[in-house]
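Peer 1: Numbering (the numbering used here), first residue to last: 1116 to 1304.
To be clear, the hints were calculated from the coordinates, so they are not data collected in a lab.
Incorrect hints may appear among the rest.
Capping the alpha-carbon separation at 30 Å, the derived lysine-lysine pairs in DSSO-like fashion look like this [stated by the list, open to error]: (1) Lys-1151 <-> Lys-1185; (2) Lys-1185 <-> Lys-1235; (3) Lys-1163 <-> Lys-1151; (4) Lys-1151 <-> Lys-1121; (5) Lys-1235 <-> Lys-1163; (6) Lys-1121 <-> Lys-1185; (7) Lys-1121 <-> Lys-1163; (8) Lys-1163 <-> Lys-1185; (9) Lys-1235 <-> Lys-1121.
The structure presented is a predicted model; accordingly, all values stated were derived computationally and were not measured.
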Amino acid sequence: MRLTTKGRFAVTAMIDLALREAHGPVTLAGISQRQKISLSYLEQLFGKLRRFNIVESTRGPGGGYTLARKAEEISVADIIVAVDEPLDATQCGGKGNCHSDEDEHRHCMTHDLWSNLNLKMVEYLSSVSLRNLVQQQEGRGIVIQDMRQKKMKTEGVKAEKPAVALAAKKEAAPKAPLINSVFNLARQS
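From just these sequences and the hints, can you work out the full model?
Peer 2: If you want it as structure tokens, here you go:
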């Protein structure tokens, strides 16, 4: 079965959120920019995730989204179900209309195969937590720095550079003799 973009985007956005939430609420605009997902699409997805108690929202300055539960308590299946992504590989959706030529009320010959695949997919996606996916990203070397700390460090570096540069210039400037200087004349008296 092929997972549609709705489920893929929801899982991707949730990984992004889980990676960054330790530094405070994460904005959808930030997720949109980093993951190249439409902001309006994210708003729809996160509305559904909020209704399923997977995320919480904080309004106002410094607001955004955080996880409503621990990352290890949220499975990929939870995320997909929350955004109304059906996990069904059968053509009939289990409704008994498989277009069987023999009997209108029977399932098609491959119905059991696809039904079992659905069960295995749900079982697997239920066994993978958001924490597992975050750990995979961290294992790949993804390091998330708090943007506020990054901004303060950047501003601090900018403020230090001129002072360091001035001190270096003062030390490097050659000391010329004070010939014909008023101060030199006063010292000689």
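Peer 1: Against this structure, judge whether each hint is valid.
Peer 2: Structure-based check of all given hints:
1. Taking the CA atoms of Lys-1151 and Lys-1185, the gap is near 26 Å; set against the 30 Å cutoff, the hint holds.
2. Note on Lys-1185 and Lys-1235: the hinted pairing holds, with a Cα-Cα distance of about 25 Å set against a maximum of 30 Å.
3. The straight-line distance between the Cα atoms of Lys-1163 and Lys-1151 is roughly 20 Å, inside the 30 Å bound, and the hint therefore holds.
4. Between Lys-1151 and Lys-1121 the CA atoms are separated by roughly 14 Å; this keeps the pair inside 30 Å, and the hint holds.
5. As the CA atoms of Lys-1235 and Lys-1163 are separated by approximately 25 Å, the hinted pair is consistent with the 30 Å bound.
6. With a CA separation close to 23 Å, the supplied pair Lys-1121 and Lys-1185 stays within the 30 Å bound.
7. For the hint linking Lys-1121 to Lys-1163, the alpha-carbon distance of about 12 Å falls within 30 Å, and the restraint holds.
8. Our distance criterion of 30 Å between C-alpha atoms is met by Lys-1163 and Lys-1185, whose separation comes to about 18 Å.
9. With a C-alpha separation of about 20 Å, the suggested pair Lys-1235 and Lys-1121 falls inside the 30 Å cut-off, and the hint holds.
Checked against the numbered hints given earlier, the structure satisfies every one of them.
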